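Chemist: Quick mapping for you: the protein sequence lines, in order, are chains F and A. Numbering (my numbering) for the first sequence: 1 to 306. Numbering (my numbering) for the second sequence: 1 to 266.
FYI, nobody ran anything at the bench for these hints, they're computed from the structure. Take the hints with a grain of salt, since some may be wrong.
Derived pair list, reagent style DSBU-like, types lysine-lysine, alpha-carbon separation capped at 35 Å [what the hints assert, rightly or not]: (1) Lys87/F with Lys189/A; (2) Lys282/F with Lys179/A; (3) Lys179/A with Lys256/A; (4) Lys99/A with Lys51/F; (5) Lys54/F with Lys179/A; (6) Lys248/A with Lys51/F; (7) Lys87/F with Lys179/A; (8) Lys256/A with Lys95/F.
Bear in mind that the values here come from a model prediction, so they are computed numbers and not experimental data.
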Amino acid sequence: MNIDHNITMNGMEFRTPLLTGSGTFGYGDEFLSLIDYDPFGGVVTKSLSVKPRKGNPPPRICETPGGGVINSIGLANPGVDVFLEEKRHVLPIDKTRVFLSIFGETVEEFVTVLTKLEDIEGISGYELNLSCPNVKQGGIAIGGDAGAIAQTVRECRAITDKFIAVKLTPHHTQVAPLAEAAAKNGASALTMINTLVGMMIDVESRKPLLGTVTGGYSGLPLKPVALAKVWQASKAVDIPIWASGGIVNGTDCIEFLLAGASGLQLGSVLFTDPYSPGRILKEMDQYCLRHGVISFRELIGALEKP
Amino acid sequence: MIPPIAEIGRVKRAEEISPGLWDMAIAAPRISTVTQAGQFAHVRVSEDFNPFLRRPLSIGPISGDDLRLIFHVRGEGTRLLAAKRPGDAVDLIGPLGHKIDVPAANNPLIFLTGGIGVVPLLTLDTQLPTSRKRIFILGVRSTRTIPVTLEEAVERKILWASDDGSLGFHGNTVQLLQKVIDELDPNAKPLVIACGPGPMLKGMKQFCEKRSIPALVSLEVPMGCGVGACQSCAVPKSDGSGYYLVCKDGPVFDAKDVSLEPGVLP
Numbered sequence: 001m002n003i004d005h006n007i008t009m010n011g012m013e014f015r016t017p018l019l020t021g022s023g024t025f026g027y028g029d030e031f032l033s034l035i036d037y038d039p040f041g042g043v044v045t046k047s048l049s050v051k052p053r054k055g056n057p058p059p060r061i062c063e064t065p066g067g068g069v070i071n072s073i074g075l076a077n078p079g080v081d082v083f084l085e086e087k088r089h090v091l092p093i094d095k096t097r098v099f100l101s102i103f104g105e106t107v108e109e110f111v112t113v114l115t116k117l118e119d120i121e122g123i124s125g126y127e128l129n130l131s132c133p134n135v136k137q138g139g140i141a142i143g144g145d146a147g148a149i150a151q152t153v154r155e156c157r158a159i160t161d162k163f164i165a166v167k168l169t170p171h172h173t174q175v176a177p178l179a180e181a182a183a184k185n186g187a188s189a190l191t192m193i194n195t196l197v198g199m200m201i202d203v204e205s206r207k208p209l210l211g212t213v214t215g216g217y218s219g220l221p222l223k224p225v226a227l228a229k230v231w232q233a234s235k236a237v238d239i240p241i242w243a244s245g246g247i248v249n250g251t252d253c254i255e256f257l258l259a260g261a262s263g264l265q266l267g268s269v270l271f272t273d274p275y276s277p278g279r280i281l282k283e284m285d286q287y288c289l290r291h292g293v294i295s296f297r298e299l300i301g302a303l304e305k306p
Numbered sequence: 001m002i003p004p005i006a007e008i009g010r011v012k013r014a015e016e017i018s019p020g021l022w023d024m025a026i027a028a029p030r031i032s033t034v035t036q037a038g039q040f041a042h043v044r045v046s047e048d049f050n051p052f053l054r055r056p057l058s059i060g061p062i063s064g065d066d067l068r069l070i071f072h073v074r075g076e077g078t079r080l081l082a083a084k085r086p087g088d089a090v091d092l093i094g095p096l097g098h099k100i101d102v103p104a105a106n107n108p109l110i111f112l113t114g115g116i117g118v119v120p121l122l123t124l125d126t127q128l129p130t131s132r133k134r135i136f137i138l139g140v141r142s143t144r145t146i147p148v149t150l151e152e153a154v155e156r157k158i159l160w161a162s163d164d165g166s167l168g169f170h171g172n173t174v175q176l177l178q179k180v181i182d183e184l185d186p187n188a189k190p191l192v193i194a195c196g197p198g199p200m201l202k203g204m205k206q207f208c209e210k211r212s213i214p215a216l217v218s219l220e221v222p223m224g225c226g227v228g229a230c231q232s233c234a235v236p237k238s239d240g241s242g243y244y245l246v247c248k249d250g251p252v253f254d255a256k257d258v259s260l261e262p263g264v265l266p
């Protein structure tokens, strides 16, 4: 029996719930020879900003015990104009849905980038990165303020009918006000969560392992945090949730669906296992077969009471 | 450049050649047949993502279908890799990065290597015409940490430098490099190709710039995806205009193009 992988989110059909996490997949071309796009419902690109960003001083990545990774890339990107000139053609729009991630230091910058990207034919929408921990302005500064989230989403919604996912930070005990601010102002979905702020120290040299001292913590240890935020957000709003945080296998995905997610972002896992999307779908299918589930849709929010 | 290939290799030989120093032959025919000296393999060390990331390792000399990996056990990842035995599977992505581009000319090459930094130059040595003159310098801490076989050392007429004086030149490789260059014909126009620990590379860059000697340098830094997507493996451009990615733009660079300021190399 074939399990039905199809998910409809806010009127948009996705052939599977699997997506890429922004920043882990470039603009979709780097992994071309290694990755099968069929298991993906869509890909989310690396964030684009108005001006080029060189990114942060190295080292930009380190590992933590227990299967964690901390990165400090600093949203390195060529800027929206160079992207449109040189990179737009690499987007895998003939293979899967493409969502362009946007970053701005101000609301105006989000609007400027989105306006320029509206020229690209064939993309499905955007993800607004309102939560990067590795930049001094914008990022968490906007994403921690319900008023700023509301304004950013409202102004972006005013210029596009396309899908808009809003990526939120885990650094707030109260998820609901931020989630509601996005949902009420036209967000099509929420992405929960961006990385946690973390750091590591080499005690021998007494130096931090990252050039910026702190960075964004991802990998296995993030999953319980992400699960809780996804669950809380799904209680607070009616729009679909894209889960992001520590997904490496089918069980992780089932957990996130049960907690209320509709989309499942694969992030750091792609570095280590670029073939994980196909494997993960198979593992999810096996779970469904064992439990008499015929469609992934049945699992969304199907968490039982304790 | 050939797009990266995903291949499950099989360990054919695993040998601890010095304490904590492993020499492994892995049958990986698809990657082996297209690998050029200087390129690396991104090696998965843990099935259960703990540690999470792959390890970028220089591809050593190719022999038929087999490639060689020579590595130090430095942490959990390399410990897991060293635990593999003949017949075990090794998940590889490769060959990644650019080859060492040696201009076709007659000027002598000086391979300046330290520790396991010798690996890409061993590979280059097997791929260069025998007529091309090269001088092979290898620095080690002591006789207890020798990353090549006796045969390889003899065949290549390796000039040794050791920190403790137990082998060859007593001192560091850059001091030996200076001695070697001073003994060359003043019109020889050597090209230095270096791979090894950070302090050695910094010293080499300084020396070569002072003496206007062209040099290539192969870099190793913490890395994520290995294919240019995550941008973790950044090294500053020396003109301050931004960063190169070691995985995609390197790992081999013209030494004058990259800044090796503190913090860049581990």
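Chemist: Taking each numbered hint in turn, which are not upheld by the structure, reported in ascending numerical order?
Modeler: Of the numbered hints given earlier, those the structure breaks are 1, 2, 5, 7, 8, listed in rising order.
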